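Read off the chains here:
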Amino acid sequence: MTVPLLKAERLVRRYGVRHGFFGRKSTVHAVDDVSLTIRRGETLALVGESGCGKSTTGRLLIGLEPADAGAISFDGTVLPMPHEPGWRSSRARMQMVFQDPLAALDRHLTIREQIREPLDIHRFGSPSERAERVAALLSAVGLGTDHATRYPHELSGGQRQRAVLARALAPRPDLIVCDEPMSALDVSIQAQIINLLADLQAELGTAMLFISHDLRAVRQVSHRVAVMYLGRIVEEGPPDEVFGAPLHPYTQALVSAIPHPRRRRTERILLPGDPPNPMNRPKGCAFHPRCPIAGSACKLQLPALEPVKESRSVACHAVHGTTGGPAIRRLA
Amino acid sequence: MLNASHEGAAPPRSAARTAIPPLVVAAVVWLALMLAIALLADVLAPYDYAALDLHHRLSPPAGLGGTVLHPLGTDELGRDVLSRLIASIRMSLLIAFEATCLGAVLGIALGLLAAHFRRWAEQIVLAFVDFQASMPFLILALAVLAFFGNSLALFIALLGLHGWERYARITRVLAISAGAQGYAIAARQLGAEPWRLYIRHVLPNIASSLIVTLTLAFPEVILLECGLSFLGLGVQPPQTSLGNMVGYGRDYLTRAPWILIAPSLVIALSTMSVCLIGDCLRDRMDKALQ
Chain G
1 MTVPLLKAER LVRRYGVRHG FFGRKSTVHA VDDVSLTIRR GETLALVGES GCGKSTTGRL
61 LIGLEPADAG AISFDGTVLP MPHEPGWRSS RARMQMVFQD PLAALDRHLT IREQIREPLD
121 IHRFGSPSER AERVAALLSA VGLGTDHATR YPHELSGGQR QRAVLARALA PRPDLIVCDE
181 PMSALDVSIQ AQIINLLADL QAELGTAMLF ISHDLRAVRQ VSHRVAVMYL GRIVEEGPPD
241 EVFGAPLHPY TQALVSAIPH PRRRRTERIL LPGDPPNPMN RPKGCAFHPR CPIAGSACKL
301 QLPALEPVKE SRSVACHAVH GTTGGPAIRR LA
Chain L
1 MLNASHEGAA PPRSAARTAI PPLVVAAVVW LALMLAIALL ADVLAPYDYA ALDLHHRLSP
61 PAGLGGTVLH PLGTDELGRD VLSRLIASIR MSLLIAFEAT CLGAVLGIAL GLLAAHFRRW
121 AEQIVLAFVD FQASMPFLIL ALAVLAFFGN SLALFIALLG LHGWERYARI TRVLAISAGA
181 QGYAIAARQL GAEPWRLYIR HVLPNIASSL IVTLTLAFPE VILLECGLSF LGLGVQPPQT
241 SLGNMVGYGR DYLTRAPWIL IAPSLVIALS TMSVCLIGDC LRDRMDKALQ
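Taken in order, these protein sequences are the chains called G and L.
Residues 1 to 332 in UniProt numbering are what the first sequence spells out, letter by letter.
Residues 1 to 290 in UniProt numbering are what the second sequence spells out, letter by letter.
The following block holds chain L by itself, in its conformation from the complex (with noise of 0.2 Å):
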């Protein structure tokens, strides 16, 4: 897929180049399922996510005795449960998507800075980091949530904060030690601008260890707004995500189990999914190991 062009190229490449693993293929169907039903969330709704239905509250699933009206249940309030999960995936995936991207760019283009001009501006930038990684970071969203008040955006910066310091502390590292690798010291003497050799030659270099990292940030972001939400920190009703629908189905764990397992499933296997792909990447991306 790289490169067709040259067939005098060694045979056994390409063969293992093709071949993807069944498991990895799936997680790919899975999350482009939850992209289409993110996108898509509006026309697929049954219900309006907040719409009531006081007549069939704590409905069971269809074929454990509840109605063809509510596939997969109600809750409490009689809420459909499938509603409710397609507009939770969207929103989950939403906040995970934007937190993630904003906390890599944040934290590689600080990572970056600190490698390049090294002295005093690595030395702040260390010190963020520093900061960011001795607070408890329930503490700091608390405390960001309780002054600032909840509003969506807000929330996500909080989360894409969440994740930074890790990728400034590894892009650091790694951009130091790739500066000093043939490659970099050939792009500099060939008379590169910083942004040409940082964008073009060290980032492809140490992509493959910053993508193993935010596919580990991805999951991890999605749970911490799971339990953000679950605190009643996060999304805040009436709209609905999943670590939200988790939360307040809780009170009902042992009477409507659905109303949880539901939005559980999904995000298990989303995570799982975008862990799975990001192993395949990393693999593909480093040439040399192929």
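Isolated chain G (complex conformation) (with noise of 0.2 Å):
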């Protein structure tokens, strides 16, 4: 437990936009300074608002896309960029769950010969063992062998997904990112999905980036979660403190917003400003144009992440009395 599996250091990722024609170039931040650590078998949930930069982030930390700065080890070694020896190989390693089942899976190939394919390009054992294996993970995720010689479209869309899963399971890979796997899915599939995520993770051992924005699937699987804003992570722990006491003034915005049975009146807390463009950061704190708090020195002067106490993290000033403003309230 010394090495994590996944360890990113202050990844950058920018990528130039052109306005119209004849428009000037601006650089969007997708995201900015980020360091991340998973551990074996563990689940890192990275939640945060549409554009906020969690996907790209899945994308660069399994290196399926180049980082502008910063470094990322897998198991100790480099992890290797695409386009460099080692990369492809390494893709056994690492595997990415998308959003969209249907379109993940090749319409013209039955679903025996898209689990198999990992396989095939791996070379993982013979034939028979291919076969084998192929026929252990249809039913680890419940999926009937009446199903293997269907084409996606004639599948359901909590069967695709299924599919897809196995798919990324096939080569016994570290790391899986699933990249928001439940937003194409009907409610009552979501939590078949979630389940099965669950019930694989604790089983295999696998580690997992779990990114989504439905906070209490989050809560259902992850072990660390970690909540970006604007490309930055802002704050970090585990996800009974998190949801349980936010530190930061946007995780409580986050979290005031999760339906809750049992409470009646909900205190919501309602964002004021516009949803942040990434085009035009804010100087500062990026959250300081909404926050209900921001002191002086959140116009100024951007927070870093830092430690509030063992296993928590929170990029605040007025967390950490750096604000030069009111004290931070607390959500009861």
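The hints are simulated quantities; they were obtained by calculation from the structure and are not laboratory data.
The structure presented is a predicted model; accordingly, all values stated were derived computationally and were not measured.
In this text, a Cβ means the ideal position worked out from N, Cα and C, and glycines have one as well.
Computed spacing ranges between beta-carbons, pair by pair:
| id | chain 1 | residue 1 | chain 2 | residue 2 | range |
| --- | --- | --- | --- | --- | --- |
| 1 | G | Ser126 | L | Ala19 | 39 to 45 Å |
| 2 | G | Arg10 | L | Leu216 | 54 to 60 Å |
| 3 | L | Leu223 | G | His19 | 47 to 53 Å |
| 4 | G | Pro66 | L | Gln236 | 57 to 63 Å |
| 5 | L | Ala26 | G | Glu203 | 54 to 60 Å |
| 6 | G | Tyr15 | L | Ala268 | 51 to 57 Å |
| 7 | L | Leu269 | G | Ser126 | 47 to 53 Å |
| 8 | L | Ile139 | G | Ala71 | 55 to 61 Å |
Chain L is nowhere near these chain G residues, computed Cβ spacing over 12 Å in every case:
| id | residue |
| --- | --- |
| 9 | Pro4 |
| 10 | Phe22 |
| 11 | Gly23 |
| 12 | Arg24 |
| 13 | Ala69 |
| 14 | Asp186 |
| 15 | Gln192 |
| 16 | Asn195 |
| 17 | Arg216 |
| 18 | Phe243 |
| 19 | Pro276 |
| 20 | Arg312 |
| 21 | Val319 |
Make the complex out of the two chains shown on their own, each in a separate frame, by following the hints.
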């Protein structure tokens, strides 16, 4: 447990965007100074609103996209980037589960052929062993052998996502990145897939990065949670603590938006102002234009992600007492 | 026919899959007949295609005042039209199949290369495409045939060059857009080698458009062959092809139209059959349409 499975330090990813044909170019900081670690067998959840850089972070972490700055080490060695030797073979150790299972499957191949594909690519055992492994994977994700001969469009959304999951698990990866795996599914199916993910993760001990904006699903599957806002991690810690007693004002607003059956009159925090525009990042703390407790320091200085206690860190001047404004109001 | 193994699947699909339109059946039968004739040309032909029968020059087909010896009549030198037609079918089909395949393979390969490597490789391919597209093909054909003489292999290669730029352009565009699709991204992140990505995933997914292009190009190649032969640039006498027959039959259009009508009919029916089959294939290969 000494060396984490994945260690990312100060990752930066920028995209150039041109406004119109003759427009000036501007830069979007999709991911800005993100540091993360994932231990073996651990599930780290990445939450945040749309466009905050969650998915980009996921792609950076498993080397599907090169980072503009920063370093990633996987199992103690530097993660090869695309077009570098060793990148392709490294794919067997990290896999991705996509948002839209129908798009992620090839409609011209049967489910069996697709689950078998990573085994063929990475030359896993003999052909008969591969067939056995496919059968085992199918039953592990709850698909029958009659599903194996079908094409993706002949399956339901939940069955497709199960097939995608089976394909991702086929080469026995150490890490799976699930990029909003349930957002394209029905609510009733979401619960099934979440349970399946949690079960498989406990059974196989695969580390997982779970990207979602469904906080309840996150709470169910994750061991640790990182909250992102405009490309930066603003709070990190165990899900019960982060969601039970959020420290960052953004997390507080996020948590207050979870519908709760027993709490009748919820104290919902409505954030003022527009959703952030990543092309025009506010100076200082990116959250300060919408923050109810922003002080003078928040407008000038970027708060660093610093530990408040063991296994818990937050990037907020108010929490660290460096705001120059009122002290933080805790959510009851 | 594709997956009979699963009974539990939706029933209307299999019904839609088995029903083939009668017109397509007819087209398949016609093309099969043409292929059989091409393969068995030596056995089927009653005479040598160049054999002269000077006693029966310009004899009309049997039933229209001609002899039973020459069922489709004879031409100005007394050569049997049926025998010449059979030899022409073999020659024209051979040229059209080979030239279409050559053009398709060359174009698809270059298109995929351009889509995969982008940058300068793409620029080079596109420059060739533009060169080919802006060059009047007849002038190119004339120049090549004038410089290198006229051999059958060269003629086929030349016709193959005719269509390649269309495949290259279509393949490049489709492969680039397919590369951004979920299945291609998924396959790449699985660690798939480029050949696996393109042959196993991208090509089947873009095949429907390519098959349509192919079925449009095949008749065009037949017609081009006919046109060049008609102009005397293609198949040289005494060898014969459908276009060659039409070309030389033109002189006797009013006196002996049978020389020209038989090959013209074969050209029209064959090209139409290929188009019909292509349309049907495209519909069937596109699984999402079912």
